[in-house]
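**Student:** Here's the letter readout for the chains.
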Amino acid sequence: MRAVRLSVVTAAATAAALTAVTGCAEKSDGKGDGAVQVVAKDDSCEVSKTKLPAGHIELAVQNKGSKVTEVYVLFPDDRIVAERENIGPGTKATITAEIKAGSYEIACKPGMKGHGIRQKIEVSGGKAAKRSPEMDKAVAAYRTYVQAQADETLPKVKVFTDAVAAGDVEAAKKAYADSRIGWERTEPVAESFGDIDPKVDVRADGLEDAQKWTGWHRLEKALWQDKKLGAEEKALAPALYKDLTDWQKRVGTADITPTSMANGAKELLDEVATGKVTGEEERYSHTDLVDFKANVEGAEQSYDLLKPIASKNDSALTATLDKRFAELNKLLDKYRKHTSSYEFTSYDKVGKADRKELSDAVNALAEPLSKLAAAVTK
Amino acid sequence: MTEETPEAPRDGNAPSRRALLGWGGAGLALGAAAAGVGVAAARSGDGAPAADSGAAVPFHGAHQAGIATAVQDRLHFAAFDVTTKDRAELVALLKEWTRAAERMTAGHAVGDGAYGGLAEAPPDDTGEALGLKPSRLTLTVGFGPSLFAKDRFGLEDRRPAALVDLPKFPGDNLDRSRSGGDLCVQACADDPQVAVHAIRNLARIGMGRTAIRWSQLGFGKTSSTTPDAQTPRNMLGFKDGTRNISGTDTAALGKHVWAGKGDGPDWMTGGSYLVARRIRMHIETWDRTSLQEQEDVFGRDKGEGAPVGKSKERDEPFLKAMLPTAHVRLAHPDSNDGATILRRGYSFTDGTDGLGRLDAGLFFLAYQRDTRKAFVPLQRRLAAHDALNEYIQHVGSAHFAVPPGVRDKDDWWGRALFS
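Going line by line, the protein sequences match chains S and C. For the first sequence, position 232 matches number 232 in our numbering, and the numbering has no gaps at all. For the second sequence, position 297 matches number 297 in our numbering, and the numbering has no gaps at all.
These aren't lab readings, by the way, just hints derived from the structure by calculation. Treat the hints with caution; some may be incorrect.
What follows is a list of derived Cβ distance ranges for each label pair [unchecked claim]: (1) S/Ser359 x C/Asp353: 17 to 27 Å; (2) C/Leu355 x S/Ala171: 54 to 64 Å; (3) C/Ala384 x S/Ser359: 38 to 48 Å; (4) S/Ala353 x C/Ala161: 24 to 34 Å; (5) S/Ser341 x C/Ala92: 51 to 61 Å; (6) S/Ala316 x C/Glu284: 46 to 56 Å; (7) S/Ser359 x C/Thr349: 46 to 56 Å; (8) C/Ser419 x S/Gly88: 48 to 58 Å; (9) C/Arg99 x S/Ser341: 41 to 51 Å; (10) C/Ala92 x S/Ser359: 48 to 58 Å; (11) S/Ala171 x C/Glu284: 48 to 58 Å; (12) C/Asp408 x S/Ser124: 58 to 68 Å; (13) S/Gly88 x C/Thr349: 55 to 65 Å; (14) C/Pro227 x S/Thr94: 18 to 28 Å.
Using N, Cα and C, we set each Cβ at its ideal position, and we do this for glycine too.
If we strip away everything but chain S, and leave its shape as in the complex, we get (with noise of 0.2 Å):
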């Protein structure tokens, strides 16, 4: 057998002819030899196994090519199931994801951008992901959470779109960040929805050459530094609603799993971290602070629902989760009128002692949270 996995691996070619020696072979023959080799070039992208069986798979990619690629497994929808960017020429990367049966392609893209090159794969039988009835409890109340925020949320936005259509610049500005509140919760499950976010949510700074300048920041830059909304403004708002209603259809079929949501509260924080205590999010509207309990609340959610299992592997951890939550939230509340008011303080109003005491309370949160995810999957 042994001779027979090396082949495998060296002559990724030919290895679409071994498929049937898969799941033992690697069992028995420990780190990483399981691992589907990826060769990825300027104009190939080969995968010496298409049939493979559920559970955890790793790919082993070689960029062979001239050009920084990135290597995504796909689901038919192209909803992302692993990635790896930024693989430089002559560089290898490892990517690992737990996968049900079904199909799934893998694209490689040569100068990180456009369709890529796919190959299919075929997933079967196996093991799926074991996973928990409180698991599972903890993934259906977040999924339903997620669409609730979608759902709740649209009515809002074409409130927003609405006012623009019209050229009510002072109505519009009124309903911008209020718009904004359900994205925010559950941003890290819309982008995984990797052709939304890029329309709705881009700021000047992120677009690519060529992208358009479309979505939410495109006319928070018409309200409140340009002040006001012609025709090409007028025309964006509809297509942010259109966008929007995307998200909302798609949202529900998000692959959500215990780790997504805990690693997900982390990200959420990284954005905080990262946009709004910088004040870069909304640096036309300055509603940075709307964003950031927003993104705050849906880590909070996340966290909530997976406290019962993490508290049992870690109860130190989540103790402290729940008094530096506590704490950011009380720090938080300083800056709006009532605690069940979204209208926060304009950050270009809060001084630099303030922003570096809410950056220091994001630390304090971020550090301990980024350890949630090995506290739930223990």
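Got chain S; can you put chain C on it based on the hints?
**Tutor:** Only chain C this time, still in chain S's reference frame:
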């Protein structure tokens, strides 16, 4: 580097026997006086100086390392605000910091290391010091006046009288955000990445209990505690602080640096008081100053560093030959009733300011037995008369009580203060 030094221990494992013999021996030679460890100095057989820049300096001892220790090349100094209001959390942090410091100063990664742990969790150690030698890293902790404030941690009765609020000196232009701090950590090492790694990891461990208030990188030592070594030059191009206290002169250290029994509260016995000042230098105007004036300002010649009228740097200065405003004359113990400090400062250059001027100067660090009798009168005199004031400005200031050393694996920074 790792190929040449297979014993490099920064892998989370214990150093090899060879590493212990090689570096540990050299480190003990350096740290013996500093850490008060009574171990005979070991030197390498070829007569090369014991200051092996890769060595480890012992962490445990009667005094904290990083004071009398031979001055390392690089500095990362951080002042922290304590953000928790819970005394027990602060104590827990000091214990965690102590354990992490023991590991890092020995050249190990903190906690469970930088890799190989749970895939779902971030590694305990941040990893940038992997493969680097211990680099004579020392970590020295101090407690600022604000830590002893009322209604904080119940320490108001334990504040040493010597830990005064520093007075405002003429010419001070202090930036609050670069001054003060409840705690400080001075990280010195011969490799800048080792020093930065240490502060970064302590800051990370502290999140939620402490937050960095300000920090300063220093790239070149400006003082030496090894009298046979050349006195390094400061950013003005001069040797300054020639008459520093030697790290092996236990009599002078006992007289001028270590707080003695009965000096103040018992918890400070064996400790020291640290004054940190960020001194910005007006580099461009200094560079346009004539050589004569530059030498008059310091009271030394620029080439050799000899005092006015003398030929060698270490010749005893004849103070009256210097201008009354000369820096050396004003700072000399004979002009200050014998007040003596141990200088451990570093040059810094934080890029340029918005006006195209070099943002450079001296990050002044001075250790002393009693600040009221050393830095305060000394700085009063300098601030009032020093000709150098035309070319410098004090822009940051902090004062810390540096407790005695951590004795062993069960001891921790500040145990005597909090017990």
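**Student:** Work down the list of hints and note, for each, if the structure agrees.
**Tutor:** Hint check results:
no.	hint	verdict
1	S/Ser359 x C/Asp353: 17 to 27 Å	holds (24 Å)
2	C/Leu355 x S/Ala171: 54 to 64 Å	violated (45 Å)
3	C/Ala384 x S/Ser359: 38 to 48 Å	holds (40 Å)
4	S/Ala353 x C/Ala161: 24 to 34 Å	holds (30 Å)
5	S/Ser341 x C/Ala92: 51 to 61 Å	violated (37 Å)
6	S/Ala316 x C/Glu284: 46 to 56 Å	holds (54 Å)
7	S/Ser359 x C/Thr349: 46 to 56 Å	violated (26 Å)
8	C/Ser419 x S/Gly88: 48 to 58 Å	holds (54 Å)
9	C/Arg99 x S/Ser341: 41 to 51 Å	holds (45 Å)
10	C/Ala92 x S/Ser359: 48 to 58 Å	violated (23 Å)
11	S/Ala171 x C/Glu284: 48 to 58 Å	holds (55 Å)
12	C/Asp408 x S/Ser124: 58 to 68 Å	holds (60 Å)
13	S/Gly88 x C/Thr349: 55 to 65 Å	violated (33 Å)
14	C/Pro227 x S/Thr94: 18 to 28 Å	violated (55 Å)
Checked against the numbered hints given earlier, the structure breaks hints 2, 5, 7, 10, 13 and 14 and satisfies all the rest.
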